[in-house]
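Trainee: Next come the chains, spelled out residue by residue.
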Amino acid sequence: IAGITQAPTSQILAAGRRMTLRCTQDMRHNAMYWYRQDLGLGLRLIHYSNTAGTTGKGEVPDGYSVSRANTDDFPLTLASAVPSQTSVYFCASSDAAGALQFFGPGTRLTVL
Amino acid sequence: GENVEQHPSTLSVQEGDSAVIKCTYSDSASNYFPWYKQELGKGPQLIIDIRSNVGEKKDQRIAVTLNKTAKHFSLHITETQPEDSAVYFCAASETGGSYIPTFGRGTSLIVHP
Chain A
1 IAGITQAPTS
11 QILAAGRRMT
21 LRCTQDMRHN
31 AMYWYRQDLG
41 LGLRLIHYSN
51 TAGTTGKGEV
61 PDGYSVSRAN
71 TDDFPLTLAS
81 AVPSQTSVYF
91 CASSDAAGAL
101 QFFGPGTRLT
111 VL
Chain B
1 GENVEQHPST
11 LSVQEGDSAV
21 IKCTYSDSAS
31 NYFPWYKQEL
41 GKGPQLIIDI
51 RSNVGEKKDQ
61 RIAVTLNKTA
71 KHFSLHITET
81 QPEDSAVYFC
91 AASETGGSYI
101 PTFGRGTSLI
111 VHP
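Just so you know, the sequences run in chain order A and B. For the first sequence, this note's numbering gives the first residue as 1, with consecutive numbering after it. For the second sequence, this note's numbering gives the first residue as 1, with consecutive numbering after it.
Simulated from the structure, these hints should not be mistaken for laboratory data. C-beta: ideal position from N, C-alpha, C; glycine also. Heads up, some of the hints might be wrong.
[As the list claims (entries may be wrong)] Using 25 Å as the maximum straight-line C-alpha spacing, the simulated SDA-like pairs for lysine to any residue come out as follows:
id, chain 1, residue 1, chain 2, residue 2
1, B, K37, A, L112
2, B, K42, A, G16
3, B, K58, A, G16
4, B, K58, A, F102
5, B, K37, A, M19
6, B, K42, A, T54
7, B, K71, A, R22
8, B, K58, A, L39
9, B, K42, A, L112
10, B, K22, A, L39
11, B, K37, A, D95
12, B, K57, A, A2
13, B, K58, A, A99
14, B, K68, B, I47
15, B, K37, A, E59
16, B, K42, A, G53
17, A, K57, B, E5
18, B, K71, A, N30
19, B, K42, A, N30
20, A, K57, B, G1
21, A, K57, B, K58
22, B, K42, A, Q85
23, B, K68, A, R22
[To be verified] Label pairs and their computed distance ranges (CB to CB):
id, chain 1, residue 1, chain 2, residue 2, range
24, A, G56, B, A29, 14 to 24 Å
25, A, P61, B, K42, 23 to 33 Å
26, B, G41, A, V82, 38 to 48 Å
27, A, G56, B, H112, 20 to 30 Å
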């Protein structure tokens with residue numbers, strides 16, 4: 001693989017279910033990010049990690065959790081999905097915080 | 001924190017015309033300003049960026065200008081082509097440390113053939 005991969009590509013989920021969106025990068029970037037994209041609202045940061053072992057909250061963290069056990073992987077978990085979490089989710093990485101970001105192809109999540 | 005405003009939200013041009021998208025930012029400490037292009041069904045991809053020590057940068061038909069005093073930067077696309085149709089995002093950040101990029105809300109550019 002080259003760059004960032006995300007899985008699944010799309011998912012339909014019943015409200016109340018737990019879901020983990022996966023993100024893997026092979027560029028050895030220190031920083032990784034999760035965004036959600038909703039029409040008219042642009043890209044909103046959910047959580048970020050500046051380096052393995054550390055995470056931080058973004059603009060819209062409620063209902064989401066992340067972990068960064070190693071450099072390459074940054075999973076996003078919805079503990080109990082709600083319809084307002086219907087969105088397209090993008091993972092990104094950069095070699096340094098605040099620098100150029102590389103984005104994954106996105107996961108389209110629908111919560112019914 | 002940083003606030004980035006982007007205008008217009010939608011821009012429609014004829015093929016061959018120029019397109020200009022403008023962004024303003026609030027934090028004078030921001031020193032890195034990338035522009036991303038997002039095609040339908042894909043993730044955003046960097047197309048050009050500029051750092052605060054430079055006033056203008058050009059790459060073929062794309063250019064970015066930065067006015068640090070006024071805290072605004074712009075994307076200029078000349079000789080637009082239908083394949084330029086996409087959503088464009090500006091962002092501002094202070095590189096290093098834990099500084100997170102702040103994105104504008106995006107501009108949907110439509111180039112009519």
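Trainee: All the hints need checking, so say for each whether the structure fits it.
Mentor: Consistency of the hints with the structure:
1. Pair hint B:K37 plus A:L112 does not hold up; C-alpha atoms about 30 Å apart against a cutoff of 25 Å.
2. Restraint check: the Cα-Cα separation between B:K42 and A:G16 comes to about 28 Å, which exceeds 25 Å; the hinted pair is violated.
3. With a C-alpha separation of about 49 Å, the suggested pair B:K58 and A:G16 falls outside the 25 Å cut-off, and the hint is violated.
4. The hinted pair formed by B:K58 and A:F102 meets the criterion: a straight-line CA distance of about 21 Å does not exceed 25 Å.
5. Proposed proximity of B:K37 and A:M19 is contradicted: the alpha carbons are some 29 Å apart, above 25 Å.
6. Distance restraint check for B:K42 and A:T54: the Cα-Cα separation of roughly 28 Å exceeds the 25 Å cut-off, and the hinted pair is therefore not satisfied.
7. About 37 Å separates the Cα atoms of B:K71 and A:R22, which puts this hinted pair outside 25 Å; it is violated.
8. Taking the CA atoms of B:K58 and A:L39, the gap is about 30 Å. The hint is violated against a cut of 25 Å.
9. A hinted pair counts as satisfied when its Cα atoms are at most 25 Å apart, and B:K42 with A:L112 qualifies at roughly 24 Å.
10. Taken as a hint, the B:K22 and A:L39 pair is honoured in the structure, with Cα atoms around 20 Å apart against an allowance of 25 Å.
11. For the hint linking B:K37 to A:D95, the alpha-carbon distance of about 20 Å falls within 25 Å, and the restraint holds.
12. Note on B:K57 and A:A2: the hinted pairing is violated, with a Cα-Cα distance of about 28 Å set against a maximum of 25 Å.
13. Of the pairs offered as hints, the one joining B:K58 and A:A99 holds, with about 19 Å between alpha carbons and a cut-off of 25 Å not exceeded.
14. Pair hint B:K68 plus B:I47 holds up; C-alpha atoms about 21 Å apart against a cutoff of 25 Å.
15. For the hint linking B:K37 to A:E59, the alpha-carbon distance of about 22 Å falls within 25 Å, and the restraint holds.
16. A hinted pair counts as satisfied when its Cα atoms are at most 25 Å apart, and B:K42 with A:G53 does not qualify at roughly 29 Å.
17. The straight-line distance between the Cα atoms of A:K57 and B:E5 is roughly 22 Å, inside the 25 Å bound, and the hint therefore holds.
18. The straight-line distance between the Cα atoms of B:K71 and A:N30 is roughly 29 Å, outside the 25 Å bound, and the hint therefore fails.
19. Of the pairs offered as hints, the one joining B:K42 and A:N30 holds, with about 23 Å between alpha carbons and a cut-off of 25 Å not exceeded.
20. For the proposed pair A:K57 and B:G1, the alpha carbon gap of about 14 Å is at most 25 Å, so the pair holds.
21. For the hint pairing A:K57 with B:K58, the CA-to-CA distance comes to about 35 Å; that exceeds 25 Å, so the pair is violated.
22. Taken as a hint, the B:K42 and A:Q85 pair is honoured in the structure, with Cα atoms around 19 Å apart against an allowance of 25 Å.
23. The hinted pair formed by B:K68 and A:R22 fails the criterion: a straight-line CA distance of about 38 Å is larger than 25 Å.
24. For the hinted restraint 14 to 24 Å between A:G56 and B:A29, the CB-CB distance of approximately 18 Å keeps it satisfied.
25. Checked against the hint of 23 to 33 Å, the C-beta distance between A:P61 and B:K42 comes to roughly 25 Å, which is consistent with it.
26. A C-beta distance of roughly 25 Å is found between B:G41 and A:V82, which places it outside the suggested range of 38 to 48 Å.
27. Range check, A:G56 to B:H112: Cβ separation about 43 Å, and the 20 to 30 Å hint is violated.
Of the hints listed earlier, those the structure fails to meet are numbers 1, 2, 3, 5, 6, 7, 8, 12, 16, 18, 21, 23, 26 and 27, in rising order.
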